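Student: Required output: the full structure, derived from the provided sequences and hints.
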Amino acid sequence: MDTIIVYVDDAEYAKPLLQAMAQAPGADRRHCVLVACAPRITHRVSRFVSNRARENWRNKWADKLFEACAPALAQGSGLQVSTMLARGPLPDVLAQLQAEHGHAVQVVDLRRPKLEVASPKAEAPMLRKLAGTLAGIGALWSVLIGETLAA
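Start counting the sequence shown at 1; every next residue gets the next number (our numbering).
A couple of the hints might just be wrong.
Stated by the list, open to error - SDA-like, lysine to any residue: derived pairs with alpha carbons at most 25 Å apart:
#1 Lys114 x Ser142
#2 Lys114 x Arg40
#3 Lys129 x Lys114
#4 Lys15 x Arg52
#5 Lys60 x Gly102
#6 Lys114 x Asn59
#7 Lys114 x Ala70
#8 Lys64 x Pro39
#9 Lys15 x Cys37
The set of hints was computed from the structure by calculation and includes no laboratory data. A quick note: this is a predicted structure, and the numbers were derived from the prediction, not measured.
Tutor: So this is what it looks like as structure tokens:
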């Protein structure tokens, strides 16, 4: 039986891809391990939330994610599905799953890509422009004064 490890963090993004995976030929001979990758909690929030509350939130979040993804995988296929919540870095989770299911597993990353907006090229700060201008004026002034005194 082929094992496929699928990283998921957004059900709406992953549903069409999961449906295609479930309808693929030979899906009845596959075992799919859905790994929920919970969003990170900022350090500002984590100061005020206990570890237990954070784990409860992650578990509820993962349950909602799996409930939303389950219909996409259960559409008339014999695909076996198991679920897991990633509780650490993904390389560690992958090593654990490879030890459990063998090293010949396929890994599919269906996490929503993080869109980073390229910041516009920052212009030189006004103070730096002013400093360059003043240095140029000072050099010109010293040349003019030097020529005037020399004459």
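Student: Hints first: check each against the structure and report whether it holds.
Tutor: How the hints compare with the structure:
1. Lys114 x Ser142: violated (55 Å)
2. Lys114 x Arg40: With a Cα-Cα distance of about 13 Å, the restraint between lysine 114 and arginine 40 holds, given a limit of 25 Å.
3. Lys129 x Lys114: violated (36 Å)
4. Lys15 x Arg52: violated (30 Å)
5. Lys60 x Gly102: violated (29 Å)
6. Lys114 x Asn59: At roughly 23 Å apart (the allowed maximum being 25 Å), asparagine 59 and lysine 114 satisfy the hint.
7. Lys114 x Ala70: Holds - the C-alpha atoms of alanine 70 and lysine 114 are around 24 Å apart, at most 25 Å.
8. Lys64 x Pro39: holds (13 Å)
9. Lys15 x Cys37: holds (15 Å)
In this structure, the hints that do not hold are numbers 1, 3, 4 and 5, in rising order.
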